[in-house]
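There are 2 protein chains.
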Amino acid sequence: MQGSDGHGIIRLPQYIKRLRSAGMNPRPIMRIVEDRPATAVVDGDNGMGHLVVSHAVDIAIGKARECGVAWVGTRNSNHAGPASLYVRRALEHDMLALYFAVGNANHLPPWGGMDMLLSTNPIAAAIPGAAEPPVVLDMATTVAAYGKVKARAKAGREMPVGWMIDRQGQPLTDPTRSEDGFLLPIGDHKGYGLALVFGLLAGTLNGAAMGRNVVDFNADHVTPTNTGQTIIMVDLAAFGDVDAFKARVDQLERDIRDSERLPGVDRIWLPGEQSHAKRGAYAAAGYPISTGLLGELDQLAADLGIAPLEIEGSRR
Amino acid sequence: MQGSDGHGIIRLPQYIKRLRSAGMNPRPIMRIVEDRPATAVVDGDNGMGHLVVSHAVDIAIGKARECGVAWVGTRNSNHAGPASLYVRRALEHDMLALYFAVGNANHLPPWGGMDMLLSTNPIAAAIPGAAEPPVVLDMATTVAAYGKVKARAKAGREMPVGWMIDRQGQPLTDPTRSEDGFLLPIGDHKGYGLALVFGLLAGTLNGAAMGRNVVDFNADHVTPTNTGQTIIMVDLAAFGDVDAFKARVDQLERDIRDSERLPGVDRIWLPGEQSHAKRGAYAAAGYPISTGLLGELDQLAADLGIAPLEIEGSRR
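The listed protein sequences derive, respectively, from chains W and L. Numbered by the working numbering, the letters in the first sequence go through residues 7 to 322 in order. Numbered by the working numbering, the letters in the second sequence go through residues 7 to 322 in order.
If you are wondering where the hints come from, they were derived from the structure by calculation, not from laboratory data. Be careful, since some hints might not be right.
Intra- or inter-copy, both count: the list cannot distinguish identical chains.
Result set (EDC-like, lysine to aspartate or glutamate): computed pairs, CA atoms no more than 20 Å apart in a straight line [said to hold, decoys possible]:
id	residue 1	residue 2
1	K252	E40
2	K23	E316
3	K156	D41
4	K252	D180
5	K23	D226
6	K154	D194
7	K252	D51
8	K154	E316
9	K154	D11
10	K284	D186
11	K23	E279
12	K23	D304
13	K154	D261
14	K252	E316
Produce the complete structure using the sequences and hints provided.
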């Protein structure tokens, strides 16, 4: 509903494959295994990541209300969809949030290396304004996410220089050859450092998979992924007047939006502004599903012996 | 002593200029102005940033010991030197730390823009290993720090494409023309998003300068900068066995260091490993100061009516 198309209903077939092959626990008993006033570690019992991280967010909101900030980690979790979903939960509570996660397949070598020991480990943040939309950042630490490479291959389009390199360190622009190369981190060694640090925080600290222990959930539907995520919630009231803070955010957003543009640039966007607009548009007009994806979902429904999606106004 | 040469004694003349022109308070009375179990805001009373952030770190360590995590912000602070100094404080306490700051001069426009509303807002992190050195990240959110541009101009060397663009959006490679252009963020719009978010956390949240309110401390030695910084401390014991965590960090560091290298790459580095080596080397053999800088420091000593540096084994 926010246009994170690589993370929405397109993932349903994969999630169901993993549930049916007992690679994910449909009825997890989630437990807090470490607990301090402002921190916790949630063991997700190999449940769907969406459930585990939602639970972690609930815990973090309560603790942040008490302590000003909360830092809650997960282990034995799974892929949880777009990171921005979870940081956005802060907004209705007059909080701001940060999120780190270990990605579910390693596509990134350390800087200068060829062993794919790292994932596109993302960071997300949500910070509320008053009249202006929230600033919502949700980004991989690689120049391109792997899904974008796959999309180029499907569309038969070359990749720009800077997305991937091959095993000689040369630019790789043919997306059908993506198996012969690696994603590039943003800012070269800097993005490598960010991917490593976010992975240490979301994986290693929580006792979740990191480095060699990461399971490629595209190739393996059975082995538990032991995914780790970290959510940090900050209660804005612990830092002063909440309305004054939001007014400062609004002013900054307006200063940025109204600032002078480079030749040929129509508009300066704030992080999350385009997703915010899509939420509104899709809520009003419905969410577009491609014929291909709809076919997959129909096939999935048939396999499961359930009714296919009924879609209002669809042309099928 | 760790090779952060753009942030060490080279800054002393500038700090003293600001102190002498009453742009910085030599005897600040620092106060906690917001206080919750795991959070605080420190008003630095326009004291040197090194004092203010050190005080914030002390507070954060105490709160993290009680609560598992602490998030402490500063306002009315100043330039505090290299971020890594402060996150490294975590290591002796079996903690890990994150740090965000608003830079003291805006050199970065929003993505697509020309108004320099953002700084190179850095992030730093320190995470301890056991036998292996700590992972210490300390990076600006721009491809190059502004100091590197100045160094190229001094050395008469072109900049590589990707460091800066001019007002037409074209690559700017002549460092003597740096006033005609802007730094580029890492990963294009992604680095813009990071610089904005870290600035919101370190500046806007703390009631410190951000955006249009940032004072260029290179050009203006009088106006209080109202610099903001944020330190986050995490007590490792709140996440399980500390030795087991450090052993996992060691294993990851070794896996990365021993992993396969691209042709022509001699060694894969962990973030902070080179600084760590420099600390050892400089502690043993002394810290190298260029003749030019030594001359500046001698001049400064003469201006202040104090004795110049006595340097063991110097060739002066």
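Structure-based check of all given hints:
no.: 1; hint: K252 <-> E40; in the structure: between (34 Å within a copy, 17 Å between copies)
no.: 2; hint: K23 <-> E316; in the structure: neither (22 Å within a copy, 72 Å between copies)
no.: 3; hint: K156 <-> D41; in the structure: neither (41 Å within a copy, 49 Å between copies)
no.: 4; hint: K252 <-> D180; in the structure: neither (45 Å within a copy, 41 Å between copies)
no.: 5; hint: K23 <-> D226; in the structure: within (10 Å within a copy, 62 Å between copies)
no.: 6; hint: K154 <-> D194; in the structure: both (19 Å within a copy, 16 Å between copies)
no.: 7; hint: K252 <-> D51; in the structure: neither (38 Å within a copy, 24 Å between copies)
no.: 8; hint: K154 <-> E316; in the structure: neither (29 Å within a copy, 59 Å between copies)
no.: 9; hint: K154 <-> D11; in the structure: within (11 Å within a copy, 39 Å between copies)
no.: 10; hint: K284 <-> D186; in the structure: neither (35 Å within a copy, 37 Å between copies)
no.: 11; hint: K23 <-> E279; in the structure: neither (34 Å within a copy, 42 Å between copies)
no.: 12; hint: K23 <-> D304; in the structure: within (15 Å within a copy, 72 Å between copies)
no.: 13; hint: K154 <-> D261; in the structure: neither (32 Å within a copy, 28 Å between copies)
no.: 14; hint: K252 <-> E316; in the structure: neither (41 Å within a copy, 52 Å between copies)
Hint violations for this structure: numbers 2, 3, 4, 7, 8, 10, 11, 13 and 14, all remaining hints satisfied.
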